[in-house]
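First to last, the sequence lines map onto chains P and Y.
Counting from 1, one number per residue, gives the positions in the first sequence under this note's numbering.
Counting from 468, one number per residue, gives the positions in the second sequence under this note's numbering.
Errors might be hidden in some of the hints.
Subject to a maximum C-alpha distance of 25 Å in a straight line, what follows is the list of computed SDA-like cross-link-like pairs (lysine to any residue) [claimed, not checked]:
hint, chain 1, residue 1, chain 2, residue 2
1, P, Lys116, P, Pro191
2, Y, Lys583, Y, Arg484
3, P, Lys116, P, Thr171
4, P, Lys296, Y, Ser488
5, P, Lys296, Y, Arg672
6, P, Lys296, Y, Ala580
Note that these hints are calculated values from the structure, not bench results.
This is what each chain is made of:
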Amino acid sequence: MRLLPRSLFGRTVLVLAAGLLLAQLASALVNLLDRGSAVYRLSAQQLAIRIAHTARVLNRLPTDARAELIDELAGTDLQVLLSARPLNVNEGYAELDVYEAAFARIVRRNLGKPLKTTVEITRLPRTQRERDAEAQTGAGAFDLWLGRHFYFLQPGTFSVVVQIALEDGSTAVFFARVPQERLGRLETLAPRLALWLAIFFVLAVLVVRMVTRPLARLARGAEAIGADSEGPPLAEEGPEEVRSVIHAFNVMQTRVRAYLLERAELLRAVSHDLKTPLTRMRLRAEMLADDAQRDKFLRDLAEMEAMVGSSLEFFRSLGHEPRREPVDIGALAESVAEDWRATGGSVELRGAPRSPYPAHPQALRRCLDNLVGNAIRYGERARIVIDDDARRLRIRIEDDGPGIPEEALERVFEPFYRLEGSRNRASGGTGLGLSIARNIARWHGGELVLQSGEQHKGIIAQLTLPR
Amino acid sequence: MEPIDHVLVVDDDAELRALLSEYLGRNGFRVSVARDGREMRQLLEHSSPDIVVLDVMLPGEDGLALCRDLRARSNLPVVMLTARGDEVDRIVGIEMGADDYLAKPFNPRELLARMKGILRRARSLPSVRSEGHRLRFAGWILDLAARHLVAADGVVVPLSGTEFRLLQIFVTHPNRVLDRNQLMDLALGREATPFDRAIDVQVSRLRQRLQDDAREPRIIKTVRNGGYVLAAQVERID
């Protein structure tokens with residue numbers, strides 16, 4: 001299981017929340033320890049003085065008058081009784097001896113006379129049920145440990161039993177209940193914690209936004225490079241660290257672009273320099289006496305020329321933002337169809353555009369021409385379907401051929417990618433037609449995809465251009 | 468029997484020059500060769516070829532400058548050859564007044580066909596030539612380099628190959644009646660057979676492109692028993 005959330009945002013919130021919780025717990029603990037003992041000391045002192053004073057009065061009163069005073073004093077937190085003998089209270093914790101001694105000291109100081117005083121502090125089990133449970137289990141080890149070391153944190157009350165031997169030989173026994181600081185404070189802490197968390201959440205959102213927005217832009221930029229290496233460099237914004245990443249990225253982009261240009265230039269130069277020798281070979285072949293040989297030569301040459309030609313076309317199609325003019329798309333489709341019909345192709349045309357589309361006329365014609373050519377070459381006939389609305393212009397070129405496997409629909413856009421079987425060199429393609437067509441579509445801010453036709457019959461080339 | 472046409476080939480590649488010379492010679496031309504502008508001018512002083520095949524890339528004065536120079540002095544048809552197949556070259560070539568333009572590696576038969584076409588046209592239909600690659604007529608512009616029409620509102624109207632060739636013939640011979648046989652020969656490259664409606668089909672397509680009403684055409688008019696005529700002023704713009 002993943003403990004860390006995936007996103008930077010999730011992680012930031014988690015760390016902030018965990019930190020907040022720990023800090024709050026620690027401060028609550030310190031607060032409780034401190035406050036608990038302070039309150040305890042104060043109330044203990046007051047209680048001790050009160051007990052001492054009462055004992056003083058009792059000591060002075062005649063025996064029969066004492067009962068009246070005891071009745072008067074009887075309350076919830078302090079009860080007094082007179083006993084002939086000292087009671088045996090032996091439930092105190094050894095750890096509390098210091099407190100007992102301190103308590104006893106205060107009592108003695110306030111008695112005015114040296115009367116024998118013993119103090120026992122005992123913890124009273126809170127409810128009958130708990131008492132039963134403790135009796136059964138012999139009080140849990142943890143409970144006992146907690147009671148011994150953190151007695152003041154426990155929600156129950158303590159009882160202080162003070163026995164003072166009066167001068168007439170009887171013993172005054174005081175039972176005092178010391179109300180404990182309630183641990184329930186933690187509960188009142190909960191809404192406060194929730195508020196803090198909400199504030200931290202908002203802060204985390206802001207901080208993370210600040211960091212992630214330029215990162216997201218960087219990611220988009222990196223993706224865009226794949227589609228168009230000519231894109232402008234990314235703006236170097238955001239925090240220092242992110243800015244340096246974007247800077248490094250821009251440097252890399254520049255280098256990649258230079259590399260691509262260099263490679264394209266090299267290939268372009270090679271293709272270009274092949275033209276003159278190809279022209280000479282053409283002439284030599286034309287003048288061969290042997291007709292059969294000549295035809296073979298000419299076929300090979302035609303193939304080489306087609307490759308050189310479409311390579312150059314391909315590098316040109318990688319070029320820059322085209323100069324756009326409004327183009328009558330209907331006339332464009334018709335002229336492409338007409339040219340293919342003139343060489344024996346079967347082309348059907350459906351639909352009409354709503355209005356002229358701003359494009360580079362020659363490039364868009366080349367794109368359409370390549371697609372219709374493919375449809376006729378591999379799919380027997382072509383159907384050009386124009387579907388135009390306010391948002392985009394869509395031109396579909398459908399054929400009735402055998403189609404291509406689903407997994408190859410994207411691969412055929414790779415330069416020089418060839419399918420086994422019908423799509424080979426003998427059928428006249430150079431392996432660049434679709435790459436060129438897609439480059440041109442992207443120049444225009446559009447996209448070109450291939451789909452299988454209905455019931456996997458034929459191919460649909462879908463050219464989408466944004467309006 | 469037609470007279471033997473004399474072609475002047477200007478190219479700096481010696482082998483290509485020799486091959487072209489041999490090929491064109493075999494195909495019924497009398498061939499002279501020159502390796503640069505200087506040699507070309509020397510040759511032109513004491514012979515008068517019917518057509519020039521001119522390479523764009525030449526040492527010294529380049530083919531485009533030579534073409535412009537030739538154009539300024541005569542109506543000698545020029546076919547330009549270039550290794551750069553791009554549009555800019557074609558525009559410049561046509562601007563400089565070349566009659567046709569072929570990109571290397573070209574098909575020699577194509578060169579032959581174009582040369583014959585140009586010579587035939589030059590003899591049967593002398594057209595007025597001047598610089599500029601765009602022709603304005605009846606509110607339309609025909610771009611000879613880009614091979615498309617531009618409407619008055621700037622919308623580009625692409626043309627099929629046949630449509631372009633036909634319109635090119637009309638706009639380079641305005642206000643002149645062109646019969647079906649001439650059009651057939653120049654635009655479709657074949658002889659018309661009796662009752663052949665191919666040209667009429669193409670003309671009606673062209674009218675549609677030009678938004679010319681077929682029943683009452685104003686741009687390309689039908690001449691009874693004659694053929695067709697482009698009824699418009701044609702103006703060269705650059």
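Open item on the list: For a quick check of understanding: which of the numbered hints are violated here, in increasing order?
Closed with: Failing hints, ascending: 1, 5.
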